[in-house]
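Hints in hand, dock the two standalone chains.
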Amino acid sequence: MTPGQIALRALIVGFIVSFAIITGFAYTTLLERKVLARLQHRVGPNRAGYIPLPRRGGGPERKLLAGFLQPAADAVKLFFKEDMTPGKVDRITYTLAPMITVMPAIILLAVIPWAGEITIFGAEFTPYFAIAPGLNVAVLFLLAITSISVYGVVLAGWASNSKYAILGGIRASAQMISYELALGLTVLIPIMLADSMNLGDIVAAQANGWFVFRQPLAAIVFFIGMMAELQRAPFDLLEAEQELSAGFNVEYSGMRFGMFFMAEYMKMIIFSAIIVVLFFGGYRGPFVDQLPGLGFLYMILKIIFFLFMMIWIRASFPRFRYDQLMGLGWKRLLPISVFNFIIVAVFIVLQEEGVFDSLLKLLGVG
Amino acid sequence: MSEMILDDQPQDDGTAVNQNPVERAAALLKERFPDAVTDDTRDGYTGLMVSADKLVEVATALRDDIGFDYLSSVTGVDQINDNKMEVVYHTYSIDQGGSGLVLHVQVDRDNPVLPSLTPIWPGADFQEREAWDLLGIHFDGHHDLRRILTWDGFAGHPLRKDWKEVFYEEDHKPFGSRWPGGEVFRAEEKTVYGKNVRYPEGWLPTGDEYDVETEMYTGITYTRDQQSGMKTDKLTVNMGPQHPSTHGVFRMVVTLDGETVIDLKPVMGYLHRNHEKIGERNTFIQNLPYTDRLDYLSSMSNNHGYVLAVEKLLGSTVPERAEWIRILMVELTRICNHMWALGFLLNDLGALQTPMLYFYLERELILDFFEEAAGSRMMCNYMRFGGVAYDLPDYVREQETISFLEELIYEHIPAVLDQGDGLMTNNEIVRARSIGVGILSREDAIAYSTAGPVLRASGAQYDVRRAEPYSYYESLDFDIPVRYNGDIYDRYLIRMDEMRQSLRILEQVLPHIKATKGAPIVDGKPQYAIRMPNAGESYGRVENPKGELGYYVTTRRRESNPDRYHVRAPSFINLTPLGKMCEGHKVADIVAILGSIDIVLGEVDR
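Residue numbers (this note's numbering), protein chains in the order written: chain A, 1 to 366; chain B, 1 to 606.
So here's chain B without its partners, still in its complex pose (with noise of 0.2 Å):
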């Protein structure tokens, strides 16, 4: 465990009285650019608004002299009251942890034009497409503003206010619209292709627009490659979205010379449901089992930072015992989530189900425990706002539920792990394909944005259970297990000893448990319809087992659902570097890197 660096003193910033990093950086830049950059005034807000011209100037001074390297994300926001659109940005110190700068960019809602940041950061990639493809908001200088989770010829932005759903046009949301004026319309009594769906000006199902696509299906295209005078095809293969190492329904469109991959483009949004759409017509509440959808491995993380960010607009306070259920809750979804990735990362390396299926048992046993207490092995549902929704069950399988616990703690999952150990880390042919392939440098990883294994594998030691505590984990003492080659067997790696600190954790939230048996686990009454008492903005973040999983949601005063809900996934995020991760390797090696990155769809195509 030599590569492991102790993380657990916080970072002492010295004895200024602005102390707080943001707010220096943020008096840094007030001070940089007096015109363009000021506070932002509105209430409940935070951070900074920044005019959209100086952008780029900003986010340079940002990344380079202000050390706040990493994006996080990028979320438009549609303010048809102001008739703005508004985009907000937020970044973090990889080296100093701590809470986040957050900018604001807002243009005319008309005509909304910002610069992209993808030359600074490139992990704003699709993001910057998902907003434009979601809003409608143009990105200048961004190399490839495609539309990224609807379909090509899909007409409109969804997440536009003004923008008429296909079955229900309403303007009064939530529920208005689905009874208009009394009346009942089924969807099929609707065609999708009316007018609610057209196809853009001049846009064909079989048109040119996109010259990758073009070259997917005339097949083999008969190139000589003149520098070498080798007569030599290049081959575009369509991977996905009907794959079997895809996990899901994902497509890579890979362009080959040989068997050695010289282009690959992810392609996405075959599940897409626009999970953000729906979460603005839902109440806060509805929104929770949405939620287990996204990343539906893990669904217990998924609830966690939703709860958080309502959590922080509601002001509520989370009684002890709720939040060491929390925290277990939490650290066994990682331990699954891990088991399942290093499963089918083997799986993909050919290893024929066998690392899965050993996991499985173990597994199994904290679905069932998941099962007793929440009612559901995989779509949860089970923290509330203030709290979770019911206490822990007296037997887990005929067992007492402590008792159950400390059995799977001390016993199952460390011998399990010590199995999977044993049979997979040593293993020539497993060191041989993993060892040197798909590297990500420490520098791509914090600008590509990626977060979870996939950042720390690469040297970074960012998470965010330690740079911005939540919860109790700033009482827990554990490590934050960071490798350095930044390859798929550093990847496979890291998640083996993130399980072996997440038993250390649950090792501590035990004996938490045991003593505070009969607490209550809500604050005061459960809230089921709330109505915010304040306008503003929040974002809840917490460490998921796939990397920092973020909710930003904003609402208006006296409101029962959020003005703007949006997911940043780690999932989707940490595929942008997925085409400069496989350049160069083999088709094997494709799938092994995706396998490595570990996706899961519902939460890449939201």
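One chain only, chain A, in its complex shape (with noise of 0.2 Å):
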């Protein structure tokens, strides 16, 4: 292919992704807040948006999907809602925070892998599908992406002049070096048990087997790490609502505040996404290699599976203190991974110096 071709494949299967991930975004907020409704014997939001279903024999019509159009509704209110800016706020950082927030979570979608090779209307998508496949440092391009959209957060809590915004702010810096390290140690797993830092690669080496099977450590991990990373609950300290009202978000109003929560839930998503190729077998699934298509459905259901599992437990945690949630980060974390990461280590170059086939030689086994 030349390179216009790539580009013009590029730009086609970007604007099909983040056409998806919006639209995954708005209704992430809505499965929130269904699923965290039904787990506290609420109904959640019914009213926006059903579809009429006549009752046989007169009586009130059922509605079913009550409530699917909430996210629309929500977009428009934060729209059309007054974008307050305080009196005394550094301006220029103050609007630049937001897209600080905002831009990585798009950018980071540019290496997920959404399915394996696969041929759509004649045009092939090889290695993978994904706006740029084959960037074969795409698990750094993850970790140095994710690091900056902190920026967005510290800088939104120190522009916004408010008390309550730079502790946000601060707890935010503290909490993402806290968490940063064992996430990127844990990360290294993968790579290593894949040989690659292809996302493809490491997708296709679980053909025989999921990461997580062999590595349930690593996996579970980097769930934590991931979940402080998203600032979920119960991680969620800079914008604990009842301690800092909001956190650094307090003094925006409108789309502004809008855009910090598209961003944190994008990046749920994308998260979801990420833990999934590492660790869950990305796009593969029964009868994946017959008809390719198939990976886009298994890569959804898997990342929806793991969005309910932080809705989960959002509903049922209490939250961490800050010193509890950094004494987690370092104490407890980081040796965990520093350990697994040097087990692992270990074992593959001792398997690829053929120790284990000589041991095993060695006592007659193999």
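Hints should not be assumed to be uniformly reliable.
Stated by the list, open to error - Once the Cα atoms are required to be at most 30 Å apart in a straight line, the calculated DSSO-like pairs of lysine-lysine come out as:
{"#": "1", "chain 1": "B", "residue 1": "265", "chain 2": "A", "residue 2": "88"}
{"#": "2", "chain 1": "B", "residue 1": "312", "chain 2": "B", "residue 2": "84"}
{"#": "3", "chain 1": "A", "residue 1": "88", "chain 2": "B", "residue 2": "234"}
{"#": "4", "chain 1": "B", "residue 1": "54", "chain 2": "B", "residue 2": "30"}
{"#": "5", "chain 1": "B", "residue 1": "514", "chain 2": "B", "residue 2": "312"}
{"#": "6", "chain 1": "B", "residue 1": "525", "chain 2": "B", "residue 2": "514"}
{"#": "7", "chain 1": "A", "residue 1": "331", "chain 2": "B", "residue 2": "234"}
{"#": "8", "chain 1": "B", "residue 1": "84", "chain 2": "B", "residue 2": "54"}
{"#": "9", "chain 1": "B", "residue 1": "525", "chain 2": "B", "residue 2": "277"}
{"#": "10", "chain 1": "B", "residue 1": "586", "chain 2": "B", "residue 2": "265"}
{"#": "11", "chain 1": "A", "residue 1": "88", "chain 2": "B", "residue 2": "586"}
{"#": "12", "chain 1": "A", "residue 1": "331", "chain 2": "B", "residue 2": "586"}
Claimed, not checked - With beta-carbon atoms standing in for the labels, derived distance ranges:
{"#": "13", "chain 1": "B", "residue 1": "469", "chain 2": "A", "residue 2": "65", "range": "57 to 63 Å"}
{"#": "14", "chain 1": "A", "residue 1": "10", "chain 2": "B", "residue 2": "583", "range": "56 to 62 Å"}
{"#": "15", "chain 1": "A", "residue 1": "69", "chain 2": "B", "residue 2": "151", "range": "42 to 48 Å"}
Said to hold, decoys possible - Part of the chain B face toward chain A, derived, beta carbon under 10 Å:
{"#": "16", "residue": "235"}
{"#": "17", "residue": "244"}
{"#": "18", "residue": "347"}
{"#": "19", "residue": "354"}
{"#": "20", "residue": "361"}
{"#": "21", "residue": "423"}
{"#": "22", "residue": "432"}
{"#": "23", "residue": "434"}
{"#": "24", "residue": "586"}
{"#": "25", "residue": "588"}
{"#": "26", "residue": "592"}
Read the hints as simulated data drawn from the structure, not as lab findings. Every residue, glycine too, gets a C-beta built ideally from N, C-alpha and C.
Here's what the structure looks like:
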């Protein structure tokens, strides 16, 4: 393919994926509200939009999918709400901060593989269906971009000129530092197992078994670190409603406020996709080799599973305290991931050197 | 349940003739301070009259030597006819229980200065500030004698009898003032900032009178910590009055070093409506619905305390069925309130309302029952002097009342308590967040006059239902749960225990309710317009879900409205040690500690 073709293809895929993720983000909010409501003996949003089904023999009609237009209503509300800027904020930073938060979330999309090698309307997507397939340092790219998004939060907290906001911003930076190390070390494990930083290779290496079965500990640490990275409960310290009223976004309103939420929910989807790719076989599933289109379905189902897990956890657990959270990050997760990393590395080297084979031979088993 | 101690045996005080501990204490005090302490000989009054200059010595002796170590209530009274200002102290003994020793101190009305009792009982802190605020009684030696309920710019002391009310300037109360000369003034026609409310001399809204406030509005102060050599900024954050976790319009001025609290000052009064002044204007029966609005989550208990106080003055008796109904209502209220308290405590810990909403299902049933019985779900206004307003309904939610209550008490509530226990009590994060946080030692809990679950979680087994039994509590079989660590977790557990004990009480009450069906619920004719037969004071105290709720009511002969009507609000006084409890903890702990105290602002601000 010529570079022009590659660019065009990336543009088309990028358009599709971005559009899908924005719709997905909107419906993730609805999923969250509905699931939370169900977990709390409530009904959840059920007014905006429904499919009326007439009841046999009269009576009030049944309402199917009540509330499915709620995200649209929310978006309209956010767009038309007055976007207030408080008097003494640092205007440039204040305006930039929500953008800095949202952009990495969208950039992260570039490397996520949504399906395997596939031909759609004669267009071939190799080696996998993504905006930028074949980026051989994809995992590194993910880690790098993820770290940027915290700047948005910190800057929002600082620029708002509010004490709650700055406390939220400080918490954000401390939290990111505590968790990114453990997260980064855990990410190395799939890389070592697959012997590649290319996400397509990592998925392909899981054809005979997901990495979660070989490295459950790493998957668990990654999941915890991921929730801390996403600022999801029980690690939602920086917007802890009960303590800081809203934390870093307390001075934002209208769509700027909405952008923080957009970033949060988009990152929820993307990180679910990342953990699926790294540990849960990515787009692989039954019959995916015969019918590569199924990859999209598997990917989406697995993402929804992780979204549900995160919502479930949010409804179930109280929040950690600032110092407890950092203690967990530095004193528990970091040592665990370091040792796990060393053990895996040693075993891989031993295996490559043939030590196990000779040991087995020595014992007369192999 | 190993931590619980049975307290079923009343204290046996030996065989001395003078065996009442209150009388003994009074005799001892009179013996030791013959000049300063005399009996209060006024008609209808009890207790001792203490002279102001010996007050501190008397209080010290009372606390240390005689064992009345618990200062429950400090009340200022304006005795305008004698040109005196009076302060009434209610002291109790935590270990012995029993009724309290009442100290009356009278000072000159034109220059009311008393020694402050805060060095002896730090719990007098807010109450003395309240007396200063509302009555202008100056407490010498109080470390921070500022206004507490009204705003800083308020002129005058509204509970003084000669203070003119803002809109209705009349001397005669209760009703004369509303239509002066047959002319009606509407509130809008008079300005608040007219002659009624003035800035005090030298007071500026932006003034630098209070250090904390100044620091608060100048933002982050850049100070260098010289000792450690590190550049540290102390941050003063205004938590509240608009804050999701202050349970209402409550403000905490928090000074932070990083995330660590180094100082916390509660600021209250945003919901102040001068309940006590309104109480003096109203007739006795008119006050009942107002008491609902104090602790608006447990209106039944509020009613109970008030009717007890007035019944003491009236000398009326309550028929058996009414007493059982009262206990039924009050214990259901306790369960209701603790469910709410625990739900919100977990919410303050960040559990996103899930526990609260789980408890709501059963709380809803209780409220439905209240609605059927009293006509209102929360503002019940159900009790009357000498009984209750209505008999129990026949049906609740289309079910017979007794079977509804049986189902509730034997099935629904135990089930939800077990569920809550299973989901929350051993949750790792709940334990990590609450064990060892906000510790209040037994000595502090008593000295700070805390009451209710806060006091009992700190190891003091004191419950008015056992210490000074009212109603039929003496004949009921239940335990007073007690925990010893005094942290958030113990305050959580004690509420769980108390709900189970309330269930035990309810199980014993139900047969009596069944047996007395059809019996009268009011003694004699319902008494609406009451004129007090005798002058006197009375103090009705009940164990509200939040602690000891006391109503101090004084009246003159043939009066139809109280001369002084004071509420000893447990939420208000339990807040006194808040700053001490929060010191050294993190920001996140503040809201959890506040949640574990369980306040309702309607009662704090009154």
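### Query
Hint by hint, which ones does this structure get wrong, listed from lowest number up?
Checked against the structure, no hint fails, so every one of them is satisfied.
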